[in-house]
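Novice: Listed below, chain by chain, are the residues.
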Amino acid sequence: MTTQPLTIRSWPRAILHLDADAFFASCEQAVHPELRGRPVITGKERGIVAAASYEAKAKGITRGVSLYDVKKICPDAVIVPSDYETYSLFSVRMFEILRRFSPDVEEYSIDEAFVDLTGLRRSFHGPYGMIAKKMQETVGTELGITVSVGVSLSKVLAKIGSKHNKPHGLTLIPGRDIHLYIEKLPVEKVWGIGPNTAAFLRKFGITTALQLAKKDEQFIQKHLSKPYQEIWHELNGRSVYPVVTESKSSYQSISKTKTFTPPSDDETFVFAQLSKNLENACIKARRYRLSATRLILFLRTQEFRDAGLELKLSRPTAYPIDLFKPLREGFEQIYHAGNRYRQTGVVLTGLVPDTTVQYTLFDDTAKIEKFSKIYSAVDKVSEKFGKYAVHHASSLPTKLQTQHEGERGDAPQRKGELFKGENKRQRLGLPVLNVKV
Amino acid sequence: MKDTKEEKLRSRVREISRFYSRSGRMPSFSEIGEMTGLRSKNAVYKLVNKLAALKVLEKDAKGRLIPGSIASPVKILGTVEAGFPSPAEEELVDTLSLDSLLIQNPEATFLLKVSGDSMSGAGILPGDMVLVDKGQTPKSGDIVIAEVDGEWTMKYLKKRGENVALIPANPNYKPIRPKKELKIAGVVTAVVRKYR
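For the record, the sequence lines run as chains A and B. If you want our numbering, it's the position in the first sequence, counting the first as 1, plus 8. If you want our numbering, it's the position in the second sequence, counting the first as 1, plus 30.
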């Protein structure tokens, strides 16, 4: 029964999913060739593993492990601070390379992309597997990082393919072979199915992806909501999710959180951290021309206990000055003297385009106009002189201590060694190879 | 006699050129006839052939006209065109930025700060930035960044048959002949030095 294919059509669509292997750590190894073959860990400034190279993973290190534990498990690990500028440069380049092959590239995350290859066999004079291999090789030679690739009939299946054989894997799942790849795959490993849905499906005796795919449409319609019905179609090789080529231009919510070490019990300092997050979130909201209708704030103690609060705003806004009053009130509700805090965060949600803002009867429109002028001036100053060139005084106490004291405060090498003409804020938009010649 | 003939031709080229810069396309045969006062299409045809021979314009496979030197008539015929609309804009279309001059393959180009002086003879000094292209296939004579038996170096690549050598551009250094392994990380495509 299970040997029967789900579909006999091999390639009605060809969707490729590309996932960079241990992306941050691979970038570090690409620009620091002496780190190749060694266990590399990024995230020094965070105190936990942000990314671990495959050499480190082999020793049992996973994401999120504290660096203290890393030193115990793997004493020869090289721990470096995150250099997001370099990672972003690599990411942009990776997507550009993919666009040489197909115009339909979806930048799914910093290190993942979907590419629609349907119909390209003709122009490349070869099968989809060859095109995928070429892509993988080009990224390898030009960027010096390895990527894992899956090609199949839908996004969900392509993602299963890219995970099938990591690192540096290349997995093709044509229609007639789908059942072979999902036969033993636990259903919660499928993209979009979380632990709760998996537990729900187990009640019906569904534990593998193939069992889900084989259920008839009536069952699916009766018991599952639309997102899962779509996954069911995708598992059967019927592409539902399109490859979205537009870059992200809108947000559901904008959140800014920052950790600081050592933890602080200084109320002024902790509030200043919150205030700075608020300013940052508002800057981003204004950049995307959005205004928030709800504000969430939270504090995290040294014991990782969280306290948070959601506030509804009387009018959509992206100006910190409108938000300081609710922020202060919320802060006083959740702040407890005597606790030591390690992280604060702010989330702006219920975002609406700033053009549709409706003033209430009691708003002082003249004042709001004034704020809009002030903040557009602030944004212009920041553009010219760098972020925080002008900021609110309530964020000033953040300067009482550096974000991270001790060795976690180490800056990435890129920020230390400047060429003539570069400055702290602006560097050349090319990754720097760190070899002595 | 010859002068007036040439003068006539020049004025016709000017007419066509003006049409081209005003409307952004080449005129049709009948439009050329109108602007030059040539009543028969055959006369226009002859004029077009003459201009095509002078490379003022070209004809595509279907016989339609493509501008030749007409886009910049100044250079070919030597007549100074006064009143040519926005010369700056027209001429600046085909300029390179310093970026695209130095970087052929933007996705594969990396920066590297030079610390040694083994390539001083090639004009590469300590502190200079070199642009390294990882996508190009290294050829004999290229300056390359290479890993030789575990050491990194920047040298001229010299290939003769099976033999590969890395040649410095400084008499104080010796050529390197890889014993075990040679890995070429990229080809140096440019050097940048900023003085102030």
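Everything labelled a hint here was simulated from the structure, so no lab data went into it. Take the hints with a grain of salt, since some may be wrong.
[Claimed, not checked] Partner residues are not named here, just some residues of chain A that face chain B (Cβ under 10 Å, in silico):
id	residue
1	80
2	81
3	87
4	100
5	101
6	149
7	151
8	178
9	182
10	183
11	185
12	188
13	442
Backbone N, C-alpha and C define an ideal beta-carbon position, used for all residues, glycine too.
Novice: Each of the hints needs a verdict: does it hold here or not?
Specialist: Cross-check of the supplied hints:
For residue 80/A, the interface hint is violated, since its Cβ never comes within 10 Å of a Cβ in chain B; the closest pair sits about 30 Å apart. Taken as an interface hint, residue 81/A does not check out: its beta carbon lies about 28 Å from the nearest beta carbon of chain B, beyond 10 Å. Residue-level restraint check for residue 87/A is violated (minimum Cβ-Cβ distance to chain B is 23 Å; threshold 10 Å). With a least beta-carbon distance of about 9 Å to chain B, the hint placing residue 100/A at the interface is held under the 10 Å criterion.
Interface hint status for residue 101/A: upheld, as the beta-carbon distance to the closest one in chain B is roughly 4 Å, under 10 Å. With a least beta-carbon distance of about 6 Å to chain B, the hint placing residue 149/A at the interface is held under the 10 Å criterion. Because the beta carbon of residue 151/A sits about 7 Å from the nearest beta carbon in chain B, less than 10 Å, this interface hint is met. Because the closest C-beta pair between residue 178/A and chain B is about 20 Å apart, greater than 10 Å, the hint is violated.
At a threshold of 10 Å, the smallest CB-CB gap from residue 182/A to chain B is about 30 Å, leaving the interface hint violated. A least Cβ separation of about 33 Å between residue 183/A and chain B goes past the 10 Å threshold, and the interface hint is therefore violated. Annotation: interface hint on residue 185/A violated; nearest CB of chain B at approximately 33 Å, more than 10 Å. Interface restraint check: residue 188/A against chain B, minimum CB-CB distance 36 Å, threshold 10 Å, status violated.
Interface hint status for residue 442/A: upheld, as the beta-carbon distance to the closest one in chain B is roughly 8 Å, under 10 Å.
Comparing the model with each numbered hint stated earlier shows that hints 1, 2, 3, 8, 9, 10, 11, 12 do not hold.
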